[in-house]
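A.B. asks: Dock chains B and C with the ligands against the given chain A, drawing on the hints supplied.
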Amino acid sequence: MLLTCAAIGVATGLVGAVAGWLTPVVIIATAGVAYGLVLGSHVLAGIIAQELLRMPFVALLTHLIAALVASAFNPAWAPRFLGTALLFGLIQEGVAALTRYRAWGAWRFFVSAAIIGIIIAVVVGFVVPLEQLAPWARVLYIALSILGPIAWTAVGLGIGAALRRAGVARVPR
Amino acid sequence: MTTPHDTPPAQLRPAGVSVTAAGLSVRYPGAEHAAPDGVSFSIGVGEVVLVLGPSGSGKSTLTLTLNGLIPHAIPADVVGSVRIGGRDAAGATVAELSTDVAMVFQDPDAQIVTSTVLDEVAFGPENLALPVDEVLARAEASLRRVGLWERRDDNPDRLSGGGRQRLAIASALAMGSGLVVLDEPTANLDPRGIDDVAAALADVVAVGDRSIVMVEHNLDAIIELVTRVIALDANGRLVADGPTDDVLRGRAAELSGLGVWLPVSTLAALRLRSAGYAIDPLPLTAAELRAALESAPRPGADQARPHVTRTDAPGPAPYDAKISPPEPIIRVRDLSVRRGRTPVLHDIDLDVHAGEFLAVVGPNGAGKTTLVQAIAGVVPPPRGRVFVDGVDPARADVAALTARIGFVFQNPEHQFITNTVFDELAQGLRLRGTGEAEIQARVADMLERFGLTGREASHPFLLSGGQKRRLSVGTALIAGAPVLALDEPTFGQDRARADELLGILAGLNAQGTTVIVVTHDMQLVTEYATHTAVVAEGRLLAHAPTAEVFADGELLRSAGLRRPPLASALADLPTHPELSGIVRMADLPGALPADSGHVRGEEARTRPGSTEGVAR
Amino acid sequence: MTAATPVRARGNDPDDVRHLDRAPRERFLYALNPLAKIAAPVPAMLALLAVRDLQTPTAFLVLAYAVIFVGARLSARMLAVLLLAVPASLIVIGIAFSLWTDASRISHDVVVLQIGSWTLYGEALEVGFATALRLGAILTLALVGGLTTTGADLTRSMIQQLRVPYRVGYTALAAFRFVPRFGYELEVIRAAHRVRGASHGRGPIAVVRRRMGYVVPLLAGAIRHAERVALSMDSRAFGAYPRRTERYRIPFRARDVVFIALFWSATAAIFLTLRPWA
Ligand SMILES: Nc1ncnc2c1ncn2[C@@H]1O[C@H](COP(=O)(O)OP(=O)(O)OP(=O)(O)O)[C@@H](O)[C@H]1O
Ligand SMILES: Nc1ncnc2c1ncn2[C@@H]1O[C@H](COP(=O)(O)OP(=O)(O)OP(=O)(O)O)[C@@H](O)[C@H]1O
Ligand SMILES: [Mg+2]
Ligand SMILES: [Mg+2]
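Residue numbers (the numbering used here), protein chains in the order written: chain A, 1 to 173; chain B, 174 to 789; chain C, 790 to 1067.
Just chain A, same shape as in the assembly (with noise of 0.2 Å):
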C-alpha cells in the first residue's frame, strides 16, 4: 500500500515538476493570473491515490512523495513543493475524515478542491501584487485560482476511474 501511494506520488510527482518549469512562463505571460491554474495541478496526487485506494492518509503520504520527487528534478520550488502537499494534503484528509472516510462521492472531492482554490486566491494574493492589478483581472484571478484546483480534481478523478476500469484498484490489505 505504502508504495502504491510512492508509485502515484511519482507519476505525479513528474507532473508537478513540469507545472514547476511552467510557473515562471505563466507568471509572465499572465501577470500571475493564471497561477491558480498551474498550483491547482498539486492536487492530482492526493486526488488519485483517494480514488483508487479509498483509505485514511494515503492523499497525505501521495502528496509527500509527489514533493520530494519533484523537488529533486526542480529544487526552486522545493519549499512549494512540501507546502503545497503538506496543505493540500491536509485538507484533502480532512475532508475524509469528516465523513469518517465513508463518504466517497465526486462531491466530496470538489468540496476539497473548492477549500483549497480559495485558500490558494489569499496566499498566492500575497505574492501577486492584486491591488494594482486592473479589477477585471482580479476577478479572473480570483475565479481561476478555484477553478483550477476543481479542473484538476476532475481530471484527478477521471484518471482514478479510468485506472479503476482498467482493474488497477486492489482491495485494501
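Simulated from the structure, these hints should not be mistaken for lab results. You may find that some hints are simply not true.
Stated by the list, open to error - With the C-beta cut set under 10 Å, the calculated list includes, among others, these residues of chain B facing chain A: (1) THR607; (2) HIS632; (3) PHE634; (4) LEU635; (5) GLY638.
Unchecked claim - Okay, the calculated beta carbon distance ranges per label pair: (6) LEU98/A to VAL1046/C: 23 to 29 Å; (7) ALA855/C to GLY638/B: 34 to 40 Å; (8) LEU863/C to GLY381/B: 51 to 57 Å; (9) GLY557/B to ARG970/C: 39 to 45 Å; (10) VAL870/C to ALA379/B: 54 to 60 Å; (11) PRO954/C to GLY105/A: 29 to 35 Å; (12) GLU307/B to ALA855/C: 42 to 48 Å; (13) PRO954/C to GLY557/B: 55 to 61 Å; (14) ALA869/C to SER731/B: 40 to 46 Å.
In this text the structure is predicted, and so the values were computed from the model without any measurement. For every residue, glycine included, the Cβ atom is placed at its ideal position computed from N, Cα and C.
C.D. replies: Just chains B and C with the ligands, lined up with the frame of chain A:
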C-alpha cells in the same frame, strides 16, 4: 571466485531449513478453484528442489506461501499448513520468517530499492537491526559469493541483467536464511546472464548450507544442480515428487503429456526413442544426450531405417527464391541511430526478403530493440535509410506505415490505447477510413482467430497475460500488413504460451507474411527462423540463414551467444550420421508421446493460423 | 539541538567515512544538515511575501547569491542558470508585470515611455520589478538548500531528526528509483501511441486528451511495479522492527545551529536596516 576470502564467516553458515507442507490449498478471493490444491511434500536440509507445472498451476503462489507473503501481504484463503523449520508459517509474520526464508523474484528491477550494490545487500540485514559490523560482514560474504564484491560501489543500474539478478541472489543470501526460494530467476536474461546466474547458484549449492526451492522454465541451464523435482498439474494438484532422476528420467513421457516443460535434450531423446533409438536412461543435458547416442546402436538394421526427412538448408520452410521477388521487402542502408546522446546503432545494412522468418539475436543492450523499432518507425530513423515495402518510415504517415508493417511491443500494455478489446482491434481500420460494416466483420474474424470472442467489451488490461499478448498481435495484424515485427514476444510468458504464439506466427509466415522476432531463446530461433541477424554493440555481425549462423562457433562466441542444446548435442555425431547436425526438434525422427497440443515447428506449419489449445 | 541519533557503531565508524566521500567537503554548504539549509532561509521567504519595495528583495537576492557562490560547487549549467537565465527572467517578469499594472491606481508623475495613447509610468515599472525581484529572491533562497542537497539525504535527515517514520522515508527512497524507469516507460508508451495513430488531432484539448491516454498505462504499470517492489522489501524484513540499522548518519551539529543563527540574524538585520514596512 574460490580464493580463501570466499569462505563465509561463521554467522553466514546457517544450517539449511526443512519445509513441510501438509494439504496446502491456496485460493485467491474470487478465484474458482484453489491452486495449489491439497499439496503435501517435505523438503530436507540442503536439498535443491525444482517446482514444475503449467502456467496457472500455482507455482508462484506456492513460493509466496513459503515466506508468509500469502496470506499476510496478499489476501488469499489458505487451507492446510506450511511448517518452516518446525515453525508454522501462518502463525509467524513475514519479517520473522525472513530469517529462515529468503526470496528472489523474476524481475530484477522490481527487487532493487537502493542506489549502490553494497547498500542493496545491506538493506535486509539493516532491517533486522543488526549491528553495523555484522551488516557489513554479511554483505561482503554474500557479494563475494556471487562475484560482485568488486562492484560494490556501483549503481545497480549499471549492472547487466544477469548481474542484477545475481545481486538479488546476494541480497537473499545476506538475510542469512537457510532456505532460498527463487521464482523464475533467469527469465528475460541473455544467454550469458543465464550462465552467470546458474554459476552463482551452483556456488551456493556447492557450499551446501542452504536448501533451495526454485521455479524455472529454462531447465537446461540449471538441471544439473537439482536434487528433487515437484510437479503440479494444471489444476494445482501434486502429480510427482521425488529425486530428479526418478521424476525426470522415469516419468518424462507423462510429464511431457501434462504440458510441463522438460529439458530440450530429454524431449529430443523421447522423440528418438519413439523412432527406435535405444536411449536409456533418458538424458537431462546435451552432454548426456550425446553420450547416450554415441553408445546407442543404430535402430535395427533388420527393420526399416527410420525415416529422417531433413529440410536442407536454410532452416524450416525455405522461402522459394523463384517466387519471392528479387527486391527485398525491407531495405536498410547505412543506418545509425542515437538514443539521447548515445549512439546505439552503427552503419547497419540489412535486406529482408518477403517470406523470411527473421530472428534478431544478441546480448542485452546490443541494440536489437532499437533496430526493429527504427525499421517499424517507432523511433523515427534518419530519412532515406530505411524502406519498408517502398515506404520510408521517417516520412510516412501512420496509416501508410501500419498498412505495411505491424509492430508488437515487448509489454502489450504499453500499446493499448483504447478502453475495449473491440476498439483496440478496430483502431487500425478506423484510422484508414474502413467502413463500419467491414470493421465489424474483420474484428469478429480476428477475435475468433485469437480466441477472444466474447471478450470484445472487456478492458484490454483485464485480460490474462497470454490473452493480452494475442490481442497485441491481433492489433498489429488487422491492417493486413505484409510485415510483422515482434519485440521479445516470449518475454514474461511461460513456454506453453510462447509455443502457442509461435504456432500462430509460423502459420502466418507460411501464408506469406514476413515475420521479424527479437528474442533470447536460441532453441526457438533454430526451430522457427529461416534467417538470423546477430547484433552486438550496435553493429550487425551477421545476417544469414539460421543454420549457417549456428554453425559458426566463432561468431556465436564473439556475440556472447550459445548454441542451443539440441545443436550442441547433435553436432558431428559419427555414430549416427543421419542425426548429425540436426538443430530442430521437428527434424528429428519419431514423435513426442501425447504431446498436449503444443505446437512446434513443422506441425505448426501444416496448420496455418492454428489456435488450438487457446483458453477461452 | 544536537545529534539525537542513537549511535550503534563504535570506534571508527565506517559510515562517516563513506559519508565523507559521497559529499564533496570543499564547500561548506555540503557539510551542513539538509534541514538546516531549509530552516535557515524560511523566515526570510515568508517575510518577503509581504514586502512591496525594491530594496529588500534585492538585498536578499544578493545574500542568496553570495551564500551559493561561496558555499556550493556549481556546474557549468547551474552557472548559466544563475548568471544568465535568472537575471533574464527577472527582467522579463518585471516588464510583464509593469504592463499588466492598472494605470488608474498609480501615480502618473514619471512617464517612461509613450506609444500613442498608451503610457508606461515610472511607478508601474517600479511595481513590476518589485514583484519580479520578490519572486526571484524567494526562489534563489530556496536554491541555497536545493542545489546542495540530494533527495536521499533530505529523506534520511527527515527520518533521523524529524522522526518521520522510517517506513515512509524508505518508501520515498525506493520511489526515487522509479523515476528513471517511469521516464523510460513514458517514452515507450508515447512511441506506441504515435505508431498506432492515437493522436486525436491538434490543439490544446487534443494534447490534454493525448496525455490522459498515456497516464492510464503509465500509472497501471507503475502501480504493478510498486506492488512487486513492496513484496521484495517485505520479504527482506522491511518494517519488522521499530528501528533499523542506519549506516549513513546525517548528523545535526553545532555548525548547523550556527548556520541557522547567522542566517536568521542576517535576515533580521536586513529588515531592520531597510524597514520595508515604513
Ligand atoms: N494476486 C492474485 N489475485 C488473484 N488471482 C491471482 C493472483 N495471483 C495469481 N492469481 C491466479 O492464481 C492462479 C495461480 O497463479 P500463479 O501465479 O501461482 O501461477 P504460476 O504457476 O506461477 O503460473 P506462471 O507459470 O504463469 O507463473 C492463476 O490462475 C492466477 O491467475
Ligand atoms: N531512450 C534511450 N536513451 C538512451 N539510451 C538508450 C535508450 N534506449 C536504449 N538505450 C541504450 O541503447 C542501447 C541499446 O538498447 P536496446 O534496447 O536497443 O537493446 P536490446 O538489444 O534490445 O537489449 P535487451 O536485450 O536488453 O532488450 C542500450 O545500451 C541502452 O542502454
Ligand atoms: Mg509464476
Ligand atoms: Mg530489447
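A.B. asks: Could you tell me which of the hints above the structure violates, numbers in ascending order?
C.D. replies: Numbers 1, 5, 6, 7 and 9 - these are the hints that the structure violates, sorted from lowest upward.
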